[in-house]
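**Student:** Sequence:
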Amino acid sequence: MAHASSAADLTVSNLFGFKNHVVLVTGGATGLGEMAAQAFLQNGAKVIIASRKQSELEKTSQRLNKLGPGKCDYVTADLANKAGCLDLCKKVKEKTDRLTVLVNNSGATWGAAYDDFPESGWDKIYALNVKAMFYTTVGLNDLLTKGATADQPSRVINIASMAGIMTSDVTSGPEGGLAAPGTGTFSYGPSKAACIHLSKMQASKLMTEHVTVNCICPGVFPSRMTAFGMREAMDTLVSGQPSGRVGKPEDFAGL
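Residue numbers (our numbering): 176 to 430.
Hints in this document: simulated from the structure, not taken from any laboratory.
Treat the hints with care, since some could be wrong.
Claimed, not checked - Computed list of lysine-lysine pairs in DSS-like fashion (alpha-carbon distance at most 25 Å, straight line):
#, residue 1, residue 2
1, 306, 380
2, 246, 299
3, 246, 268
4, 257, 270
Stated by the list, open to error - With beta-carbon atoms standing in for the labels, derived distance ranges:
#, residue 1, residue 2, range
5, 185, 244, 17 to 25 Å
6, 246, 189, 30 to 38 Å
7, 191, 266, 24 to 32 Å
8, 261, 382, 21 to 29 Å
9, 272, 244, 36 to 44 Å
10, 183, 266, 33 to 41 Å
11, 227, 269, 16 to 24 Å
C-beta atoms are modelled at their ideal positions from N, C-alpha and C, and glycine is treated no differently.
Generate the whole structure from the sequences, applying the supplied hints.
**Tutor:** Put into C-alpha coordinates, the structure is as follows:
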(Lines of atoms letter the chains of each structure in order from A; the text may use other names.)
(Lines give C-alpha, C1' and ligand atoms only; values in the text may rest on other atoms or scores of the structure.)
Protein backbone atom coordinates (compact mmCIF):
# COMPACT_ATOMS: atom_id res chain seq x y z
CA MET A 176 0.00 0.00 0.00
CA ALA A 177 1.39 3.39 -1.02
CA HIS A 178 2.34 5.83 1.70
CA ALA A 179 -0.29 8.51 2.30
CA SER A 180 2.06 11.31 1.26
CA SER A 181 3.42 9.63 -1.87
CA ALA A 182 1.03 11.50 -4.17
CA ALA A 183 1.17 14.80 -2.25
CA ASP A 184 3.10 17.84 -3.46
CA LEU A 185 4.88 19.01 -0.32
CA THR A 186 7.25 21.46 -1.99
CA VAL A 187 7.62 24.90 -0.46
CA SER A 188 6.44 26.51 -3.71
CA ASN A 189 3.20 24.53 -3.55
CA LEU A 190 2.60 24.91 0.16
CA PHE A 191 3.44 28.61 0.34
CA GLY A 192 2.94 29.84 -3.21
CA PHE A 193 0.01 32.24 -3.67
CA LYS A 194 0.07 32.86 -7.42
CA ASN A 195 -3.66 32.22 -7.87
CA HIS A 196 -4.80 33.75 -4.59
CA VAL A 197 -6.69 36.95 -3.87
CA VAL A 198 -6.04 38.28 -0.38
CA LEU A 199 -7.63 41.07 1.66
CA VAL A 200 -5.70 42.44 4.63
CA THR A 201 -7.51 44.92 6.88
CA GLY A 202 -5.22 47.36 8.62
CA GLY A 203 -2.84 46.51 5.81
CA ALA A 204 -1.10 49.84 5.35
CA THR A 205 1.14 49.63 8.42
CA GLY A 206 2.48 47.30 11.09
CA LEU A 207 1.56 43.63 11.13
CA GLY A 208 -0.92 44.10 8.30
CA GLU A 209 1.75 45.51 6.02
CA MET A 210 4.06 42.60 6.92
CA ALA A 211 1.32 40.12 6.04
CA ALA A 212 0.49 41.90 2.79
CA GLN A 213 4.13 41.87 1.72
CA ALA A 214 4.47 38.17 2.49
CA PHE A 215 1.48 37.26 0.34
CA LEU A 216 2.49 39.62 -2.48
CA GLN A 217 6.08 38.42 -2.64
CA ASN A 218 4.74 34.90 -3.01
CA GLY A 219 2.55 35.82 -5.96
CA ALA A 220 -0.83 36.87 -4.58
CA LYS A 221 -3.06 39.70 -5.64
CA VAL A 222 -3.40 41.66 -2.40
CA ILE A 223 -5.94 44.28 -1.41
CA ILE A 224 -5.06 46.32 1.66
CA ALA A 225 -7.61 48.34 3.61
CA SER A 226 -7.11 51.17 6.10
CA ARG A 227 -8.53 54.55 7.03
CA LYS A 228 -5.83 56.82 5.62
CA GLN A 229 -5.52 56.96 1.85
CA SER A 230 -2.05 58.53 2.01
CA GLU A 231 -0.70 55.53 3.92
CA LEU A 232 -2.46 53.11 1.57
CA GLU A 233 -0.95 54.81 -1.47
CA LYS A 234 2.54 54.78 0.04
CA THR A 235 2.37 51.12 1.04
CA SER A 236 0.81 49.90 -2.21
CA GLN A 237 3.47 51.71 -4.23
CA ARG A 238 6.22 50.14 -2.15
CA LEU A 239 4.76 46.65 -2.41
CA ASN A 240 4.11 46.86 -6.14
CA LYS A 241 7.81 47.56 -6.67
CA LEU A 242 8.60 44.26 -4.96
CA GLY A 243 6.31 41.93 -6.93
CA PRO A 244 5.67 39.41 -8.31
CA GLY A 245 2.13 39.85 -6.98
CA LYS A 246 0.08 43.03 -7.23
CA CYS A 247 -1.28 45.33 -4.53
CA ASP A 248 -4.47 47.37 -4.67
CA TYR A 249 -6.20 49.23 -1.85
CA VAL A 250 -9.51 50.50 -0.51
CA THR A 251 -10.18 53.03 2.23
CA ALA A 252 -12.20 51.74 5.16
CA ASP A 253 -13.24 52.77 8.65
CA LEU A 254 -14.32 49.66 10.53
CA ALA A 255 -15.50 51.44 13.67
CA ASN A 256 -19.08 50.25 13.13
CA LYS A 257 -21.14 47.78 11.12
CA ALA A 258 -21.88 50.30 8.38
CA GLY A 259 -18.16 50.85 7.85
CA CYS A 260 -17.56 47.11 7.62
CA LEU A 261 -20.29 46.67 5.04
CA ASP A 262 -18.93 49.63 3.07
CA LEU A 263 -15.55 47.90 2.98
CA CYS A 264 -17.20 44.73 1.69
CA LYS A 265 -18.92 46.71 -1.06
CA LYS A 266 -15.65 48.31 -2.15
CA VAL A 267 -13.84 44.97 -2.17
CA LYS A 268 -16.57 43.44 -4.34
CA GLU A 269 -15.97 46.22 -6.85
CA LYS A 270 -12.34 45.05 -7.08
CA THR A 271 -12.78 41.27 -7.17
CA ASP A 272 -15.44 38.57 -7.34
CA ARG A 273 -13.57 36.14 -5.10
CA LEU A 274 -11.28 35.96 -2.07
CA THR A 275 -9.12 33.04 -1.05
CA VAL A 276 -7.68 34.66 2.08
CA LEU A 277 -9.08 37.25 4.50
CA VAL A 278 -6.74 38.62 7.16
CA ASN A 279 -8.72 40.41 9.87
CA ASN A 280 -5.93 42.55 11.26
CA SER A 281 -7.46 45.96 12.04
CA GLY A 282 -7.24 46.76 15.72
CA ALA A 283 -6.57 49.39 18.34
CA THR A 284 -5.75 49.80 22.00
CA TRP A 285 -6.57 52.31 24.73
CA GLY A 286 -4.56 53.27 27.78
CA ALA A 287 -5.98 54.93 30.89
CA ALA A 288 -5.87 54.70 34.67
CA TYR A 289 -7.59 51.65 36.16
CA ASP A 290 -9.89 53.69 38.41
CA ASP A 291 -10.76 56.19 35.67
CA PHE A 292 -11.01 54.04 32.57
CA PRO A 293 -13.62 55.59 30.23
CA GLU A 294 -16.57 53.68 28.82
CA SER A 295 -15.51 54.79 25.35
CA GLY A 296 -12.26 52.92 25.93
CA TRP A 297 -14.30 49.72 26.04
CA ASP A 298 -16.84 50.52 23.34
CA LYS A 299 -14.40 51.69 20.67
CA ILE A 300 -11.91 48.90 21.27
CA TYR A 301 -14.53 46.15 21.17
CA ALA A 302 -16.13 47.69 18.08
CA LEU A 303 -12.89 47.56 16.09
CA ASN A 304 -11.19 44.52 17.61
CA VAL A 305 -14.20 42.20 17.76
CA LYS A 306 -17.31 43.44 15.96
CA ALA A 307 -15.39 44.46 12.83
CA MET A 308 -13.89 40.99 12.57
CA PHE A 309 -17.37 39.48 12.69
CA TYR A 310 -19.15 41.82 10.28
CA THR A 311 -16.31 41.90 7.75
CA THR A 312 -16.18 38.11 7.58
CA VAL A 313 -19.96 37.86 7.27
CA GLY A 314 -20.05 40.52 4.56
CA LEU A 315 -17.40 38.76 2.48
CA ASN A 316 -18.76 35.25 2.93
CA ASP A 317 -19.91 34.97 -0.70
CA LEU A 318 -16.44 35.89 -2.00
CA LEU A 319 -14.74 33.46 0.37
CA THR A 320 -16.97 30.53 -0.51
CA LYS A 321 -16.83 31.09 -4.27
CA GLY A 322 -14.62 28.37 -5.66
CA ALA A 323 -13.70 27.00 -2.23
CA THR A 324 -13.62 23.21 -1.97
CA ALA A 325 -12.86 20.62 0.66
CA ASP A 326 -9.39 20.15 -0.85
CA GLN A 327 -8.80 23.85 -1.55
CA PRO A 328 -10.57 25.82 1.18
CA SER A 329 -10.47 29.56 1.56
CA ARG A 330 -8.80 30.95 4.66
CA VAL A 331 -9.75 33.47 7.32
CA ILE A 332 -6.86 34.54 9.55
CA ASN A 333 -7.81 36.56 12.63
CA ILE A 334 -5.07 38.53 14.37
CA ALA A 335 -5.52 38.51 18.14
CA SER A 336 -2.67 38.98 20.64
CA MET A 337 -0.78 37.33 23.45
CA ALA A 338 -2.71 39.79 25.60
CA GLY A 339 -5.80 37.69 24.94
CA ILE A 340 -4.40 34.63 26.70
CA MET A 341 -2.43 36.21 29.55
CA THR A 342 -3.77 37.48 32.86
CA SER A 343 -0.84 39.77 33.59
CA ASP A 344 0.63 42.51 31.43
CA VAL A 345 4.25 41.50 30.92
CA THR A 346 4.81 44.66 28.91
CA SER A 347 4.12 46.94 31.89
CA GLY A 348 6.92 48.13 34.18
CA PRO A 349 7.67 51.10 36.47
CA GLU A 350 8.54 53.20 33.44
CA GLY A 351 5.43 52.10 31.59
CA GLY A 352 5.19 49.70 28.69
CA LEU A 353 2.72 49.78 25.83
CA ALA A 354 0.90 52.45 27.85
CA ALA A 355 2.20 55.36 29.91
CA PRO A 356 3.21 54.85 33.56
CA GLY A 357 0.21 54.62 35.88
CA THR A 358 -2.13 53.51 33.11
CA GLY A 359 -3.12 50.22 31.54
CA THR A 360 -4.74 48.80 28.41
CA PHE A 361 -7.55 47.15 30.38
CA SER A 362 -9.96 46.72 27.47
CA TYR A 363 -7.38 45.43 24.99
CA GLY A 364 -6.68 41.99 26.47
CA PRO A 365 -10.36 41.14 26.97
CA SER A 366 -11.11 42.22 23.39
CA LYS A 367 -8.40 39.90 22.08
CA ALA A 368 -9.72 37.06 24.24
CA ALA A 369 -13.04 37.67 22.52
CA CYS A 370 -11.25 37.47 19.14
CA ILE A 371 -9.90 34.07 20.06
CA HIS A 372 -13.29 32.70 21.07
CA LEU A 373 -15.03 34.27 18.08
CA SER A 374 -12.46 32.57 15.85
CA LYS A 375 -13.41 29.19 17.33
CA MET A 376 -17.09 29.87 16.66
CA GLN A 377 -16.35 31.04 13.11
CA ALA A 378 -14.23 27.95 12.48
CA SER A 379 -17.08 25.64 13.45
CA LYS A 380 -19.57 27.63 11.38
CA LEU A 381 -17.55 28.16 8.19
CA MET A 382 -15.81 24.81 7.81
CA THR A 383 -19.02 23.38 6.35
CA GLU A 384 -18.63 25.98 3.57
CA HIS A 385 -14.99 25.05 2.95
CA VAL A 386 -13.56 28.07 4.76
CA THR A 387 -11.02 27.54 7.52
CA VAL A 388 -10.55 30.03 10.35
CA ASN A 389 -7.34 30.37 12.32
CA CYS A 390 -6.29 32.85 14.97
CA ILE A 391 -2.76 34.17 15.55
CA CYS A 392 -1.66 35.71 18.87
CA PRO A 393 1.49 37.78 18.21
CA GLY A 394 3.74 39.20 20.89
CA VAL A 395 5.40 42.60 20.50
CA PHE A 396 6.24 43.68 16.95
CA PRO A 397 7.20 47.12 15.60
CA SER A 398 3.98 48.95 14.78
CA ARG A 399 2.15 52.18 15.38
CA MET A 400 0.39 50.53 18.33
CA THR A 401 3.67 49.60 20.03
CA ALA A 402 5.63 52.72 19.05
CA PHE A 403 5.23 54.41 22.44
CA GLY A 404 6.41 51.37 24.38
CA MET A 405 9.34 50.70 22.05
CA ARG A 406 10.41 54.31 22.40
CA GLU A 407 9.94 54.70 26.15
CA ALA A 408 10.24 51.21 27.65
CA MET A 409 12.12 48.88 25.33
CA ASP A 410 13.84 47.03 28.20
CA THR A 411 10.47 46.18 29.74
CA LEU A 412 9.05 44.98 26.43
CA VAL A 413 12.07 42.81 25.69
CA SER A 414 12.14 41.32 29.20
CA GLY A 415 8.69 39.86 28.59
CA GLN A 416 9.76 38.08 25.40
CA PRO A 417 11.32 34.59 25.71
CA SER A 418 13.37 35.36 22.59
CA GLY A 419 14.89 38.43 24.27
CA ARG A 420 13.82 40.67 21.40
CA VAL A 421 10.75 42.06 19.70
CA GLY A 422 9.40 40.34 16.61
CA LYS A 423 10.66 40.85 13.08
CA PRO A 424 8.71 40.84 9.80
CA GLU A 425 10.11 37.40 8.97
CA ASP A 426 8.69 36.00 12.22
CA PHE A 427 5.18 37.20 11.48
CA ALA A 428 5.18 36.51 7.75
CA GLY A 429 6.13 32.90 8.37
CA LEU A 430 2.95 32.34 10.34
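**Student:** Where does the structure disagree with the numbered hints, that is, which hint numbers, in rising order?
**Tutor:** Numbers 2, 6, 9 - these are the hints that the structure violates, sorted from lowest upward.
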